[in-house]
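Here the structure of chain A is known, so what remains is to put chain B in place on it, guided by the hints.
In order, the protein sequences belong to chains A and B.
For the first sequence, our numbering begins at 1 and goes up steadily by one.
For the second sequence, our numbering begins at 1001 and goes up steadily by one.
Hints may contain errors.
As the list claims (entries may be wrong) - The calculated EDC-like cross-link candidates involving lysine to aspartate or glutamate, where the alpha carbons are at most 16 angstroms apart (straight line), are:
1) K316(A) x E1146(B)
2) K1160(B) x E407(A)
3) K43(A) x D74(A)
4) K217(A) x E238(A)
5) K1173(B) x E1145(B)
6) K409(A) x E1025(B)
7) K316(A) x E1069(B)
8) K1173(B) x E1146(B)
9) K1064(B) x E296(A)
10) K314(A) x E337(A)
11) K1160(B) x D405(A)
12) K1174(B) x E1146(B)
13) K1135(B) x E1059(B)
14) K316(A) x D1096(B)
As the list claims (entries may be wrong) - Interface residues of chain A toward chain B, partial, derived using beta-carbon atoms under 10 angstroms:
15) Y48
16) F301
17) S303
18) L308
19) G311
20) E325
21) E329
22) Q338
23) P343
24) E351
25) R355
26) W382
27) A384
Just so you know, these hints were derived from the structure itself, not from any lab.
Glycine included, C-beta positions come from ideal geometry on N, C-alpha and C.
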Amino acid sequence: MRVAAIVFSPTLENTVPIAEACLRFSPQLCIQRKNTLFIEIGKCRTIYREETFLARLRLLLAKFGLSAKIAIGDSMLDALVLALHGTLDPARLSLGCFPLYLDLYETDPKSSGIAQRMIDNLAQVGITRVSQFMQLPTSEIPGRFGAAGLLIRARILGEMESGWPLWVAQEKIIEHIELYENDHCQTLEPLLFYLKPVLDRAFSRLWGRGLRASSIKFSLRLEKFSTVKEPIREWTMEFILPQSTARGTLPIIRERLERDLARKPLESSVIGIDLQILQSMRGYSGQKNFFHSREEQEEIFNSALSQLSEGLGKGKVFRASIHEEAVAERSWSRTLEQQKNLPDLTDYIPERPTRLLSRPERIQLADELLFIRKRPRRILSWSAVEKIDTDWLGERVERNYYRVDLEGKPPVWIFKNLKDEYYLHGYFE
Amino acid sequence: MAAEPAKILELREMITQKEGRHTHERFASSTLSCGVPRGALTEVSGSAKTEWLIQFLRENPSLKVFWAEVRFSLLPTALHQRGVDASRLLFAECGDELFSAVRMALRCQVFQCIVSPSIYREEKMLKALQLLAEKSNATVFLLTEELQSAWPIKLQFGVKRGILGKGFEIELKKNKGGEVSAPASFPTPVLTETEETFSALSEEVT
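Only chain A is shown next, with the shape it has when bound in the complex (with noise of 0.2 angstroms):
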């Protein structure tokens, strides 16, 4: 196997183009790293030498205005390493590449800081390169770096490949409707009227394969008076939740383009609209259920979370994910997606307060009174106390935590650390 890694410089954000652009090199590709891709030229070697594809690369990248750093390697990770860090010697690999070992695709967002724990706890004895992480016995990685350890190490002997997530190049979705100067459409009402079709065809080629639209784009084709500036207009919509009906999208459209055309009106009658998919993925079955419309539903609260996001931005509309776990600021997540297998906390977890500090505030105690910011609030009883540990690999917490009942305001939850100091990290209200 012979891989090319190609890591662009500045950052790219879409390399799709670029990749459809390499399938005249070989048909396997891979882009599931951001910002990178490998090329399996292995195969093909019959076809061309090395030194010729790298020739036609660089003359590629330039009619594409990219620059980038290649090199090919016997595995994707070692083209990687070899592309960004410019050797696999291991005497003179800093552990810098532990991060490429233990998550290649970088698709958990918490292997970064788990790799960056290990170089540092490895700094302080003294190891900065990779023969000398190699020389540690095996049996004492376990019991230090648990399996993210084990598993770098493998990958570093090349006794475990990563996965190759084959791309294909999607098929074209693109519709259009053409429109007359008496049809008035200038506005978005007609506009949106106009669009609710080509949308229709657009969703119903996609729902015939079985996806849903993740990313969209469309433009207008204003009439090219002399006064117009901008005789096309062009949108890109990226939904947070692919949507699969015109219904769905169309609320969406109607929230950017009433901020866009508010800020930019048209200037003339549009004469024309193109939408193409840009991107799709996998969607519901073809045939409804006939016994329950679960995914219709969970269809409409998708729209309406896409919609909400696109008017308040990206982050702040989510749902939750619950976790089992006793530290409560890690017990849920924000998540878009539904949670399927919700954990049971009964007899796990003692009832947790309703509201939580986004960072616990320092209080006082002295006898019978509690001081919550300066002002003394009256005791009237303590649950048992709940104690929280964890583990030394993450982010160690170590409390003890008290439910305190008050006169006349909520019950508070507290907490003291191993510093006999007390803080408020929540109330029930």
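Chain B alone, transformed into the frame defined by chain A:
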């Protein structure tokens, strides 16, 4: 000749139906005998308001909920622990965009229940929310420290924990159109003394 009150009520109902408004539907609540009106604003205050709201959501498991906050401090784990399916809730951290977020959520017509902090001091904002709530037939819960006097709000009450932390004590301040009784499918809730007092007061006023 004086018209019969029943006929007037019937006529009123016909007019509201023609206008596409829904004034007589109420969500059941085991702690609030009058229920919670749909398509209207409800303001809740008191030291146990969030706990009460969570119980209300548990009692109405089919509701799709949009929970908006200026700075998100709710702990969804607590909702899950108290028996609320978090998957039917959508949360939003809105900052200064709270009003437009709630308005947008109402315009979606997907959510039957919307929760927001009560920071709308201008009556025209409340009026806008009330109209949208009526149109989408959704209940908007406004959580506040102190109840305000604003006519677009249909139901206002304060909630605190009951004796020994069991149940809730509800102080009803306002219940516009409160003649609707608890739905028959739910057992008639036992009122706390305070609630009875306020219900009686409200009836007297009516």
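Q.
Run through the hints listed earlier and report the numbers of any the structure violates, in increasing order.
A. Failing hints, ascending: 1, 6, 13, 15, 26, 27.
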